[in-house]
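Between the sequences and the hints, there should be enough to build the whole structure, so can you do that?
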Amino acid sequence: MNKKISTAKKVLMLKVVIHLAAFLPLFNLYYLAFNDLLGADPVERVIHFTGIGAFNLLLVTLTISPIAKKFKQGYLLQVRRLLGLYAFSYAFMHVLNFLAFDLQFAWWLFFNEIVKRPYITIGMLAFVLVAALAITSLNSLKRKMGKSWQNLHNFSYLIVVLVSIHFYWSVKSELISPLFYFLLTIILLSFRYKKIKVLLGSLFSKRQS
Amino acid sequence: MLIKTPKSSDLKESEVTPENVYLNRRDLLKSLGFLGAGALLANSASANAIDWFSQEEKVKFKTTSLKYQADANSNNLSLTPESKVTTHNNFYEFGAQKQQPAELSQSFKVNPWQLTISGECDKPITLDYDDLTTMFALEERIYRLRCVEAWSMNIPWIGFSLADLLKKVSPNSSAKYVFFETLHDPVQMPGQANRRLGGGIAYPYVEGLRIDEAMNPLTLMSVGLYGKTLPPQNGAPIRLVVPWKYGFKSIKSIVSIKLVSEQPQTTWHKLAANEYGFYANVNPEHDHPRWSQASERHITSGGLFSRNRINTLPFNGYGEQVAHLYKGMDLRKYY
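Respectively, the protein sequence lines represent chains A and B. Numbering that gives the first Met the number 0 numbers the first residue of the first sequence as 0 and each following residue consecutively. Numbering that gives the first Met the number 0 numbers the first residue of the second sequence as 0 and each following residue consecutively.
FYI, nobody ran anything at the bench for these hints, they're computed from the structure. Every residue gets a Cβ at the ideal spot worked out from N, C-alpha and C, and that includes glycine. It is possible that part of the hints are untrue.
[Stated by the list, open to error] Listed next, the stretches of chain A that the computed footprint assigns to chain B, with coverage defined by at least 3 CB atoms under 8 angstroms from CB atoms of chain B:
id, region
1, 33 to 42
2, 65 to 73
3, 101 to 112
Okay, here's the thing in structure tokens:
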């Protein structure tokens with residue numbers, strides 16, 4: 000029965016599910032927030048929701064290739080870009096919430112905080128890298144970039160580590176959730192142990208020469 | 000016989016939103032969230048359908064009205080709506096997320112209650128629940144509460160001066176500091192029983208003031224807000240309010256006040272001494288290591304788009320009354 004569903008159909012269905020699961024909560028969040036129905040301080044809520052949402056989506060994106068390999072479901076790779084772009088969208092809203100609703104476009108304060116607060120510096124660095132990956136996800140750019148495209152997109156491993164640190168440094172006292180996310184990050188990266196070793200090795204040898 | 004002809008614009012009985020649905024409209028909206036805004040147009044029957052699936056029955060803590068003298072300046076100040084004051088709380092004993100204390104504290108028992116005032120004094124006393132609201136004449140004080148997280152609210156507290164209470168016990172000459180302790184009751188306070196819920200701070204929550212800070216007329220023991228006794232999420236039945244210091248100094252649900260000779264350890268200072276000092280005076284020039292304290296978001300009515308960022312004032316605007324307490328002290332060192 001399952002065999003009869005074509006790969007194209009599977010991918011399409013999966014994409015519909017991803018769109019619904021990623022977009023509807025965001026729509027709901029801003030509907031409530033704009034109408035002052037999201038608790039006493041909607042600003043804090045939208046910042047936290049989009050932040051942890053971006054992290055979740057990033058982790059889901061990184062689970063795709065290990066699962067595809069393990070269960071020989073190659074078609075899964077076709078939804079990876081969509082997940083990655085949603086991770087970027089959430090991260091973009093996260094930064095925008097901070098700038099527009101928390102700091103209320105106090106640009107000087109915005110840049111000052113990025114420079115002065117290590118957890119924001121590192122979070123901003125992760126965002127810039129995610130944005131670079133999102134922009135270069137266009138097929139035309141991918142073709143033009145050739146081999147350097149893969150090199151750039153290997154930065155996703157660095158991004159997830161930066162985001163883990165950003166989350167850990169941002170909390171006031173509760174460390175269980177950030178440590179749990181650290182663990183997830185380490186597990187996902189451990190599937191790429193060999194690849195990361197090679198990447199780090201080449202980085203090291205380049206420095207040497 | 001009175002015959003009423005309803006106008007066509009009059010609401011029929013059947014069209015009125017049932018009170019329980021109206022009161023729970025926010026939960027309704029949240030639970031409908033996944034269906035999107037369109038579902039809001041559905042009739043109220045769906046609200047009941049959703050109610051059937053919610054496990055916990057909604058008990059609400061009962062507050063009672065208080066007799067008090069109104070704040071003379073009350074007309075000049077815009078207040079943060081009561082619904083926000085009572086649903087946006089840092090009271091980790093009932094959960095570390097802002098909305099959790101209001102959700103998880105409604106069955107909290109405040110009567111009987113015992114508040115002991117002891118230590119370096121001649122006449123230690125223990126107050127019971129009724130004493131808290133009857134021992135002193137109550138007055139309303141509208142103060143701005145400035146949280147260390149850079150948001151603030153204007154709240155009409157009701158209470159009495161801590162100084163009046165301390166005078167009752169006749170502090171002796173060794174009483175240099177005042178040490179406060181919150182109730183420790185992990186059965187009633189789920190945050191004390193569960194590390195994740197309780198945000199990983201040490202319990203019981205403890206705080207302290209220097210004796211001259213405690214005796215300052217601004218320092219309030221609050222037993223109510225908005226004309227009624229305190230709800231649990233705001234620190235029932237009695238809490239401290241020190242308006243020129245960051246909110247975490249204003250300890251809630253107090254069971255013990257002790258006069259001591261040495262500067263006591265305080266909860267947040269123990270957890271991260273570089274971030275939270277003993278004094279914790281509101282100071283726009285001394286940033287928290289992880290965010291600026293130069294400005295704050297003032298929480299009023301209004302959603303995401305309310306432009307509410309205001310400059311933070313030294314001593315939260317109470318400098319005239321308290322700046323002299325810190326004369327000659329380096330406030331960057333004693334933050």
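Comparing the hints with the structure gives:
Only residues whose beta carbon comes within less than 8 angstroms of a beta carbon in chain B count, and the region 33 to 42 of chain A has 10; three or more means the coverage holds. With 0 residues having a Cβ less than 8 angstroms from any Cβ of chain B, the region 65 to 73 of chain A misses the three-residue criterion, and the hint is violated. Coverage of the region 101 to 112 of chain A by chain B holds in this model, with 7 residues showing a Cβ closer than 8 angstroms to a Cβ of that chain against a need of three.
Taken one by one, the earlier hints fail for this structure only at number 2.
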